[in-house]
Amino acid sequence: MMLHATRIVGCALAAGLLSVPALAQSPQTEQLTVVGAGGVLQDAERAVFFRPFANANKVQLTEDSYSGQMAKVRAMVDTGSVSWDVLQVEQNSLLSGCEEGLFEKIDWTGIGDRRDFIDEAYSECGVGAFVWSMVMTYDRARTADGPKGWADFWNVQRWPGKRGLRQTAKMTLEIALLADGVPREEVYKVLATPAGVERAFASLDRLKPDILWWTSGAEPIERLASGDVVMSAAFNGRVAAANQGGRSFALAWDGQVLGVDYWAIPKGAKNRATAERFIAFASRPEVQARFPSHIAYGVTNRKANLAVDPKLAADLPTSPANFTLAVPLDTAFWADHGEALEARFANWRSR
Amino acid sequence: MSSPTRVLQYAFCCAMMVFLVGPILTVIPISFSSAGFLSYPIPGLSLQWYEKVLAASGPWLPALRNSLIVGTGAMALATLLGTLAALGLARNDLPGRSFLLGLLIAPMVVPVVISGVAMYFLFARIGLTASYLGLILAHAALGAPFVVITVTATLRNFDTTLVRAAYSLGASPVRTFFTVTLPLILPGVLSGGLFAFIFSFDEVVVALFIGGPAQRTLPRQMFDGIRDTIDPSILAMSTLLVGVTIVFMVLLTRLGRGTGSKSGSKA
Amino acid sequence: MATTTETPTDSMGRATALAPPSLSSRAKARMVSALLIMPLVLFLTLVFVLPLGGMLVHAVENGEVGEALPGVAAEMRGWTGEGLPPESAYAALARDLKAAYGDPRLGEASRRLNYERAGYRALLAKTARSIRAIDRPRAGWTAELTAIDPRWSETATWAALRRASPSLTPYYLLTALDLRMDDNGSIARAPAEERIYIDTLGRTLWIGFVTTLLCLVLGFPLAHALVSLPRGFASVLMVCVLLPFWTSLLVRTSAWIVVLQKEGVLNGLLTRLGIVDAPLELVFNRFGLYVAMVHILLPFMILPILSVMKGISPSYMRASASLGAHPAVGFLKVYLPMTLPGVGAGCLMTFIIGVGYYITPSLVGGARDQMTSYFIAYYANTTINWGLSSALGAILLACIMLLYATVGRLIGVGRIAGIQ
Chain A
129 MMLHATRIVG
139 CALAAGLLSV
149 PALAQSPQTE
159 QLTVVGAGGV
169 LQDAERAVFF
179 RPFANANKVQ
189 LTEDSYSGQM
199 AKVRAMVDTG
209 SVSWDVLQVE
219 QNSLLSGCEE
229 GLFEKIDWTG
239 IGDRRDFIDE
249 AYSECGVGAF
259 VWSMVMTYDR
269 ARTADGPKGW
279 ADFWNVQRWP
289 GKRGLRQTAK
299 MTLEIALLAD
309 GVPREEVYKV
319 LATPAGVERA
329 FASLDRLKPD
339 ILWWTSGAEP
349 IERLASGDVV
359 MSAAFNGRVA
369 AANQGGRSFA
379 LAWDGQVLGV
389 DYWAIPKGAK
399 NRATAERFIA
409 FASRPEVQAR
419 FPSHIAYGVT
429 NRKANLAVDP
439 KLAADLPTSP
449 ANFTLAVPLD
459 TAFWADHGEA
469 LEARFANWRS
479 R
Chain B
1241 MSSPTRVLQY
1251 AFCCAMMVFL
1261 VGPILTVIPI
1271 SFSSAGFLSY
1281 PIPGLSLQWY
1291 EKVLAASGPW
1301 LPALRNSLIV
1311 GTGAMALATL
1321 LGTLAALGLA
1331 RNDLPGRSFL
1341 LGLLIAPMVV
1351 PVVISGVAMY
1361 FLFARIGLTA
1371 SYLGLILAHA
1381 ALGAPFVVIT
1391 VTATLRNFDT
1401 TLVRAAYSLG
1411 ASPVRTFFTV
1421 TLPLILPGVL
1431 SGGLFAFIFS
1441 FDEVVVALFI
1451 GGPAQRTLPR
1461 QMFDGIRDTI
1471 DPSILAMSTL
1481 LVGVTIVFMV
1491 LLTRLGRGTG
1501 SKSGSKA
Chain C
573 MATTTETPTD
583 SMGRATALAP
593 PSLSSRAKAR
603 MVSALLIMPL
613 VLFLTLVFVL
623 PLGGMLVHAV
633 ENGEVGEALP
643 GVAAEMRGWT
653 GEGLPPESAY
663 AALARDLKAA
673 YGDPRLGEAS
683 RRLNYERAGY
693 RALLAKTARS
703 IRAIDRPRAG
713 WTAELTAIDP
723 RWSETATWAA
733 LRRASPSLTP
743 YYLLTALDLR
753 MDDNGSIARA
763 PAEERIYIDT
773 LGRTLWIGFV
783 TTLLCLVLGF
793 PLAHALVSLP
803 RGFASVLMVC
813 VLLPFWTSLL
823 VRTSAWIVVL
833 QKEGVLNGLL
843 TRLGIVDAPL
853 ELVFNRFGLY
863 VAMVHILLPF
873 MILPILSVMK
883 GISPSYMRAS
893 ASLGAHPAVG
903 FLKVYLPMTL
913 PGVGAGCLMT
923 FIIGVGYYIT
933 PSLVGGARDQ
943 MTSYFIAYYA
953 NTTINWGLSS
963 ALGAILLACI
973 MLLYATVGRL
983 IGVGRIAGIQ
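Protein chains in written order, with our numbering: chain A, 129 to 479; chain B, 1241 to 1507; chain C, 573 to 992.
In case anyone wonders, no lab produced these hints; they're calculated from the structure. The beta-carbon is built from N, C-alpha and C at its ideal position, and this holds for glycine as well. Among the clues, some could well be false.
Here are the simulated EDC-like cross-link-like pairs (lysine to aspartate or glutamate), alpha carbons at most 16 Å apart as the crow flies [as the list claims (entries may be wrong)]: (1) K233(A) to D675(C); (2) K290(A) to D675(C); (3) K698(C) to E716(C); (4) K834(C) to D338(A); (5) K670(C) to D707(C); (6) K276(A) to D244(A); (7) K290(A) to E835(C); (8) K1292(B) to D171(A); (9) K431(A) to D458(A); (10) K317(A) to D458(A); (11) K290(A) to E326(A).
One-sided excerpt, in silico: chain B residues whose CB lies under 8 Å from chain C [said to hold, decoys possible]: (12) V1247; (13) L1334; (14) I1366; (15) M1462; (16) L1491.
Bound-form chain A, shown alone (with noise of 0.2 Å):
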């Protein structure tokens, strides 16, 4: 508790010495609402992005968070009562939310150049403010020659014993096509025809019986700590943080399916000029280099990934190593086949 406080206290003093041309700009104090999705991640952002922004320009910041439901954005923008400012979104709610006029555009010559930033981060109404991955975990204290990716995963004589999936269409489709031999860069050639989700499908199907569901990004980490799953895909900062806590978790960066966090801006913002300075601080690679020392996920900004601490830098999912293993998202498949998916997945889960 008293590391974590003089970690942020010292964030905050370097961000402030760092920024100090900006302290002179503002006469009156600005208000900045930011919205997370709380826990251990806010926390992290808190230090890195929050308290520095705030401190170097002045700006009482207020902290609120969510679970990721568009749900409130969208009464928010339908009432013209909005009280958020900048919000962290996932992908496909930027895209869909982009399309419907939930949030503002962005004007990308604040932020910098696109060519610095990872080609997902690039978005009209969001910039992408890190990635987390999809990874697949087993605990070395229960088994000790692990599998080495997903077709390992589908392997039930070898490693007998119940298996952790994330309970949505989204990824699971992705992962159940790596596993049946389909290679990274076709996933989504494959998924885009009927034939393709029948195989997703069916090579789910053979993995059915040994399927424990799971919703909670703690789940997979309980159950393989608890040995109800001898191995599970999970979020990898999860991963990561349970291994800092004295587990010994391997995790496979092969076919990690990669996901992107954007920060956005609900239509109709009240202080949109303080959160397009909040966005362009938190894209500044000075800054985002030092996220990953507070959780295990990647930075958008390609000069920050370059500055980070190479230590680190192996258990992230945008290290140049791991990176080429990677299938990143497809969010504009998302959205044009997610509702139906999700639905057929939900019928083929409970059947």
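Given the structure of chain A, go ahead and fit chains B and C onto it with the hints provided.
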């Protein structure tokens, strides 16, 4: 009652006590764990989760305060309006009674997500979002059916001769209500009120919609970051609440006004 | 007192009017009742019913396409739905798309059309982008649009647009019942791999029913013990009933996982005692779900029964005994009927709260234990498909009301929750 039946009754009660409290007592030690897991074995002992929950600058204490404010407000409003309505509904010949009842218990039946979004639209237009009042009104509306149902059930066995006796002795309607009716239906009113409070105390969806950052309630704090983590601080907070409840209830029992049975000793 | 003859009595012969006899006439008493109910009715109408009505309208509301693409929506009204629509429809679509480019309403229309046919979102986005470059069609809009994407030459594409164009739609309600309107406009069952909501609804009601029954079987004797056992013991028991209330739902659910999991507390105990050899599968299945749900809902059964039992004077049982009835007969004939209002209220609450749960089933249940509320929350929160969410909610609501009325008729009017 014959003694074998009595023994059986005691055995059943003890088994139920284990069932009701056992799981909660089982997880309480995890709140003293040095690791961030919700499972056994515990690698070491630590008070870190209590430090986190009790930190003066942390989010937990304000959340508890907000929950108590909103819960108490919602309970008071729901109990008052719900009890009055139940008294009114006690008449069988009221026209449209079934319809009224359907209306009064509807908030319980409608899924909270739908109520939450719906209320947001109304409250946003009249400036009640991100306010204690808004949240109290919303929770009172959703908690009132608990009071209506419980008090109505209690009133079914209500002996109206007592009321008539009071009138015939010259008591005013108000006085009769407070000295005769209320004490008799009090168990129902209390449990209805308790349900209304607990509903608010464990409600997360409407709290997300109607409440702002300043009205963050305990459940919102507990569900915070659930996509990513559930750490033992929620157990630490629950342990504290359980402890306070036990002390409080023991005190009440000592004072001779426990929620426990009175008629039992009379029988 | 003459007025007492006017006091209405219920089926059991007990007077139910609470209005003082000084306001003797029936009308006056009725007015007092109405006045007592009025505050809550007004309150709920303002805070709940009005906003809710607006929400349930979403289940049939269908303005998206008509607002974003008014021209082509009007054309669709005139089209029979056979073959392909006339050139004028293609031209109207082109005009509408040009006008609506960048308008968020086009996004909403795309989402609506995507429900009818997966891939529509991308199709509209692509078409809207491409069509801006075309000022005047060389060979008519039909050819231009088909050149942009061959799907514009498919009847199914236009049929979806036609179905989504009217200002009201049965789409959401049909979907919630696993039905759909095919391209010819007739109603048919959804393809087998997409049928889901009826099964889920049946499962939801069944889980609610079993949970309620279990709660009743365990809760009734417990409530009886609370009023009949000595006060000291009863107080401790009462503390045990109420304690779970002070822990979050999340904590109670997690606690059961810790107790029931493979290497959990219970399996450890059973193995150590030699009762079982291999650990039992106690959680992440229906069994675990029932255990957790009964634990959470039990107080909702106990307290209403208890509050009714407390109001039953022991003199009734004594009278029955003094008339020579066996205690068991006295219990069944005298005591039990008097507790029924509490039983009804408890069952009603347990069932309704039970069918509304979705966090607990997704944490302790298995893959086959998903309940309707999960989908209601999923569509309302995550995909903002308020239409389908409201439709599912309306159907669940209707089922509960129907069940309530049926049980009310079967068991006898006025017995459930003391309600007629």
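Consistency of the hints with the structure:
With a C-alpha separation of about 12 Å, the suggested pairing of K233(A) with D675(C) holds against the 16 Å cut-off. A hinted pair counts as satisfied when its Cα atoms are at most 16 Å apart, and K290(A) with D675(C) does not qualify at roughly 48 Å. Between K698(C) and E716(C), the direct Cα distance comes to roughly 13 Å. Compliance with the 16 Å bound is thereby established for this hinted pair. Under the criterion of a C-alpha separation no larger than 16 Å, the hint pairing K834(C) with D338(A) is consistent with the structure, at around 14 Å.
Distance hint between K670(C) and D707(C) is fulfilled; the C-alpha atoms sit about 10 Å from each other, no more than 16 Å. A distance of roughly 33 Å separates the Cα atoms of K276(A) and D244(A); the hinted pair therefore is violated under the 16 Å criterion. Under the criterion of a C-alpha separation no larger than 16 Å, the hint pairing K290(A) with E835(C) is consistent with the structure, at around 14 Å. Straight-line distance between C-alpha atoms of K1292(B) and D171(A) comes to about 13 Å, which keeps the hinted pair within the 16 Å bound.
Between the alpha carbons of K431(A) and D458(A) the distance comes to roughly 24 Å, so the proposed pair goes past 16 Å and is violated. In summary, the hint linking K317(A) to D458(A) is supported, as the alpha carbons are separated by about 10 Å, within the 16 Å threshold. With a C-alpha separation of about 23 Å, the suggested pair K290(A) and E326(A) falls outside the 16 Å cut-off, and the hint is violated. With 8 Å as the threshold, the beta carbon of V1247(B) stays out of range of chain C, its nearest partner Cβ sitting at about 12 Å, so the hint is violated.
Interface restraint check for L1334(B): the shortest CB-CB distance to chain C comes to about 5 Å, inside 8 Å, so the restraint holds. Hint status for I1366(B): violated, given a least beta-carbon distance of 10 Å to chain C, over 8 Å. Because the smallest distance between the Cβ of M1462(B) and any Cβ of chain C comes to about 5 Å, under 8 Å, the interface hint for this residue holds. With its C-beta approaching chain C no nearer than about 12 Å, L1491(B) sits outside the 8 Å limit, and its interface hint is violated.
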